[in-house]
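Sequences listed follow chains G and R, in order.
Mapping of the first sequence onto the working numbering: position 122 corresponds to residue 122, and the numbering continues sequentially without gaps.
Quick note, the working numbering runs 1000 ahead of the 1-based positions in the second sequence.
I should point out that these hints are in silico values taken from the structure, not numbers from a laboratory.
Worth double-checking, as some hints may not be accurate.
[Unchecked claim] Calculated cross-link-like contacts (lysine-lysine; reagent style DSS-like; alpha-carbon spacing at most 25 Å):
| no. | chain 1 | residue 1 | chain 2 | residue 2 |
| --- | --- | --- | --- | --- |
| 1 | G | Lys-275 | R | Lys-1209 |
| 2 | G | Lys-281 | R | Lys-1240 |
| 3 | G | Lys-225 | R | Lys-1209 |
| 4 | G | Lys-281 | R | Lys-1221 |
| 5 | G | Lys-280 | R | Lys-1209 |
| 6 | R | Lys-1262 | G | Lys-275 |
| 7 | G | Lys-547 | R | Lys-1156 |
| 8 | G | Lys-275 | R | Lys-1221 |
| 9 | R | Lys-1209 | G | Lys-220 |
| 10 | G | Lys-454 | R | Lys-1273 |
[What the hints assert, rightly or not] Chain G stretches covered by chain R per the calculated footprint, using a threshold of three residues with CB under 8 Å from any CB of chain R:
| no. | region |
| --- | --- |
| 11 | 205-213 |
| 12 | 223-232 |
| 13 | 444-451 |
Note that beta-carbon positions come from the ideal geometry of N, C-alpha and C, so glycine has one too.
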Amino acid sequence: MKGYNNKYLLINLDDLTFEEEKIEDQILYDYLGGTGLSTYLLNKYSSKSDPLSPSNPLVFCSSPLTGTRLTTTSKYSIATKSPLTNFIGDSMSSSYFADKLKKTGFDALVIRGKSNKYRLIKITNSKVEFLNATNIWGKTTSETESLLSTSLGSDFSFATIGPAGENLVRFAGIKNDGGRMAARTGVGAVMGSKNLKAIAVNGNQKIKIYNPQKLNEIRKELSIKSLGDSTEKYRTTGTTINMSLLNRLEMLPTKNFSESTFKESTKIEGENLIKNHFSKKAHCANCTIGCEKIFITNDNNEPITSRLEFQTTASLGSNLGISDPNWIIRASNLCDELGMDTISTGVTISWAIEASNNGHLKESIDISTEQKLLELIKNIAYRNSIGNLLAEGSKIASETIGNKSYLYAMHVKGLEIPSYDPRNLPALALALSVSTKGACHNRASAYDIDFNNKEIFIDPQIIAKKTKDSEDYSAVLDSMIWCKFLRKSFDDFYYESSHIYSHLTGEIISPGKLKIAGERINNLKKLFNINNGWVRKDDNLPERLLKNESEKNQIISNNFLDSMIDNYYYFRDWDKNGNIPTKKLKQLNIK
Amino acid sequence: MNDLLTGIILAGGKSRRLGRDKALELFNERPLIYSVIDAIRSSVDEIIIIVNDEARKKEFAFIKNVKIVVDKYCDSGSLGGIYSGLLESKNSNAIVLACDMPFVSKNIINAMKNRMGSNIDIVIPETEGYKHSTHAIYNKNCLQAIDQQLKQNVYKISKIFSKCKTIIITENEIDEVEPNSKSFFNINNESDLDKANQIFSEMCKIKIKIEFFGTAKLIAKQDFIHLYTKKQVTETELIKLISKAKPDLIGQIIKKDTNELKKSYNLGINGIKNISDKKISLQQNDSILIFSSQSGG
Ligand code: SF4
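Work out the full structure: start from the sequences and follow the hints.
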């Protein structure tokens, strides 16, 4: 099929071999690419083994749109079994690595096994080499990229882990192109478990396009649309300004979700960061929006810059009771260098603080100075002292020390909760509970249902239907792949996407079929989880977020959540326990 | 004295000068007579509306909990109406009001009521040398004097004041109860109606807070401002007010020329409940939030 390479690379690190495998058209058509295709490949090679064992596949996947230079499409998806959740771990990242990977002639990489030496995989046009990575093992992500760039050439793009991934920190990410990271679900730990430090790609093969002229026109139109009102926030301020609104709405996770407003939020809200810390804008390859904002410290110490998003400012800020932007910029920079997810880092530290304050954790967690905070983050990445426990993430750490410390572990299925307080955001609460990868705000973008309608819906049936639809829609976004921040630029997302897909591949896909593809992808993710021991009680929220008697103004209670979940299963055609009937699998052509 | 009071509203016939029925003229989106009824409802235990004839009585049948009485001396001006009303009153005292007074003040009515005593027949306010005979309290003791006058075809109300025990409420006294009161304002013609509407919109202004987020906050250089507005506004009116107060928002947050928010922004009342209705009902101290319509992050 045009638009694809129609093959992937199956790599075995045990014996440093590789094979080229064909992908049938039907599979491409059914799973599109990105998160869809990577889920398919993960499922195909999955062994139900421990996530950090050699047999757990680590899949990198581009998409049909990758490499077409359509705005925001330089993206790739990663799928593996997550060491945080033991369910599907999927994460995405963007920029040149995605394009250069696709242009090597492969749509995806499936990496299995474990090398007995530290390795780097170098892939150019259909050529694969396994290089020794001893000299870069232990280096931070930027050091690694810069060393590799010197030795292999600046034409290459790299996906690399930092010390956190090497030390199997369960929330380690994979970094690429200087500033981007596939951060969530511990994909970096899986890479580290294979002794794989980095992947270097430099493909320059042409991507075959069915109707190049038409696609060119579409590219221009879409670029213009992408600069409209519906991307204003991303283009101007970026996402850090979410904090002031969420704080005003009492939805800003504060001190490990024990509070929903942060007294000192004005110091770390985006408006203040922009006034006092803004350094420059940046953007992923082939993106006209450029949501990335780089901030710089302004105290007397050596200046440090970091790309900040709202999630980072909240997880490492209000969630930890930290109100100095300089601390946050340095902590964020450090997490990036060590290759660690800032959300899980923040929420695991806040768990430890509370567990310690309540006597469940013997060690005291001191982040009263910037130095101590940075020290703790380093200790997590290197698994030093208490950092060794925290490197397990809040779920496993709380299970390890036992008692009632699980009460403070703010995760779903093991993945730490991002910074939207779901207590009064019903669609988000449902989406976080049922998401196959755990508490992820992006796999359904359900907060948009709560925020952008005339009223917050409180009918479980309406919420369930809308959340299900939003999950399927997001699956298509993440498979095509479009950036989430472009989504509102479409007048009719399914129609326009199907149109573009057809001009790219030469295969007609109707808007309806595209919708079903989204449903299929989410069902396959769920099937992966079911095969790995999922049960209904895994779809939940921490007790703390559920309403008790004293919280009169809160929407989400145990019963309300249950009722939304029941309705959600109903709209998914799943049984009452959330399992997928064989009939449904057949209907979706899932084998 | 007997505390109980009857309310008599004089709604005779059609206004010659306005050319329409004043009582039924729409004011604040309701027939004007309701403004008077509402103002006295809590001060009286009976309301009588005086009309000229049976046909008009039928026209007023839609008004609930009032007694509609046909004037015994129709074509005798207000005096006839006062007479017919007092005659029908179950109480000895009655506050008499014209139907065309949109701003009758409860406070002033109550102050007048407090001045009524057992040996008093009339309590009448006077401003700028003018005695407001259709904004006064009369006792049934006046019936005889009025009847005599009417039989002689003397319709001037002021003539009875000397014949009855009358107390005048002075301008100073009124000012103490309610400075700049519009209680005596009545509508005779089109321009009075316009003026009433203008006074009304000034009177119902409430204080609201406009809170800015994101780029709106950066441009406004303030977290919030306070504005005064009517309780019922359209989205356009509200945006117009905001752009007057913060003209810098025009262009990036508010569309040029049209008093509309750009698609990139939402308005929420006291939270994220979006305003998408064209008409908005506001309360004192409400907050209007202006925030990005892109919730991602
Ligand atoms: S909008 Fe932001 S995240 Fe999306 S492609 Fe552009 S720069 Fe990257």
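Hint check:
no., hint, in the structure
1, G:Lys-275 - R:Lys-1209, "holds, 24 Å"
2, G:Lys-281 - R:Lys-1240, "violated, 33 Å"
3, G:Lys-225 - R:Lys-1209, "violated, 34 Å"
4, G:Lys-281 - R:Lys-1221, "holds, 22 Å"
5, G:Lys-280 - R:Lys-1209, "violated, 33 Å"
6, R:Lys-1262 - G:Lys-275, "holds, 23 Å"
7, G:Lys-547 - R:Lys-1156, "violated, 72 Å"
8, G:Lys-275 - R:Lys-1221, "holds, 11 Å"
9, R:Lys-1209 - G:Lys-220, "violated, 42 Å"
10, G:Lys-454 - R:Lys-1273, "holds, 6 Å"
11, 205-213, "violated (count 0)"
12, 223-232, "holds (count 5)"
13, 444-451, "holds (count 5)"
Violated hints, listed in ascending order, are 2, 3, 5, 7, 9 and 11; each of the other numbered hints is respected by the structure.
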